[in-house]
Amino acid sequence: MAAVFDRPSLRQRAAPMFRGFDGPLAFAVFLLACAGLLTMYSSGYDHGSRFVDHARNMLLAGFIMFVVAQVPPQRLMSFAVPLYVLGVGLLIAVAVFGVTKKGAKRWLNIGVVIQPSEILKIAMPLMLAWWFQKREGQLRPLDFIVAGLLLAVPVALIVKQPDLGTAILVLSAGMGVIFFAGLSWKLIAPPMILGLTAAVLLVVFEPRLCADGVSWPLLHDYQQQRICTLLDPGRDPLGKGFHIIQGMIAIGSGGVFGKGFMQGTQTHLEFIPERTTDFIFAAYSEEFGLLGNLCLIAAFIFLILRGLAIALEASNLFSRLLAGAVTLIFFTYAFVNMGMVSGILPVVGVPLPFISYGGTAMVTLGMGLGILMSISKARRLVQS
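Mapping to the numbering used here: the sequence shown position 23 is 581, numbers consecutive.
Think of the hints as simulated: they come from the structure by calculation, not from any bench. Please note: incorrect hints may appear among the correct ones.
What the hints assert, rightly or not - Below 27 Å or equal to it, Euclidean Cα-Cα: the simulated DSSO-like pairs (lysine-lysine) are:
#	residue 1	residue 2
1	Lys660	Lys798
2	Lys659	Lys718
3	Lys744	Lys692
4	Lys663	Lys718
5	Lys798	Lys663
6	Lys659	Lys798
7	Lys718	Lys798
8	Lys744	Lys660
Given only the sequences and the hints, what does the whole structure look like? Please build it.
This is the structure:
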């Protein structure tokens, strides 16, 4: 009888699963999730079941975060090679017999239609963090070259689909690991200077480079048009430039305090294209104004700083590199989305974390948050 009464309660059995959870990180996610639900309700309440689906996707991401957080970092490291090989293999399968939609071959039908490039957003930093962990204390220039090749293969396959937005996210995650592993500034500075020089020359010679009949090497026509439209949206105000122009109008019309919740005219009169996905930041800006934007940006900065703090406090090289790269993914998502909607970056298919509608992206975010929680939890449990 004593054994029956001594059995631990459900609360006592569940407590270890929550022990060590990172409170500041969870608070940042809570703030962004609330902003996402408010914005999605306003911009998507008359758009089918977008709000309900968005809430469901958030719950799914939260469940995934909770499950992944239970996996110790050392166990996560064992998934690096299999997940990377699986992801690259599926990308090759997409190139051979993938599903084509709207001129892009990005999907694979395996009974259900999947987009394998999403796997690499997590698999890439996992693989490179594993690679540098195995060579801790004996890094040579050759190790960085191999890491570059491991990164180049999936990025090239994704660019070929073409899917520039996902390629940018995978590239930034991989470059984050390589940079945090100790890549010399002597190798980083020249490409950055070259890129800035190219951007300046592009702005200066835009009338000639974007003239009709001029074709750029290495870029698809639609990619060239996106860059030219960014430089001068008025070139095609009812076509390629429509997205950028309407996004800037919505952001500007919000003013300092915004028009108020559900009062956005550009949004509800359907001038903003993709108002629940890629351009939802424009809808948010119109209703909540500059002050709302500053609050949203502050929440993202808080999330990113907390992720970097977790990386700095991690117990081994693998955890530090992985946490740093995952944090950089969140930064890239937010920076690229806000930049393209504001007209300072070309339009690419990158959602705004927690705000934009999208089940696949939400799953990826949930996995990333779970990884950060796992690394933070492992450190806290060691200290306790």
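Quiz item: Which of the listed hints are broken here?
Solution: Hint check: 8 fails alone, others pass.
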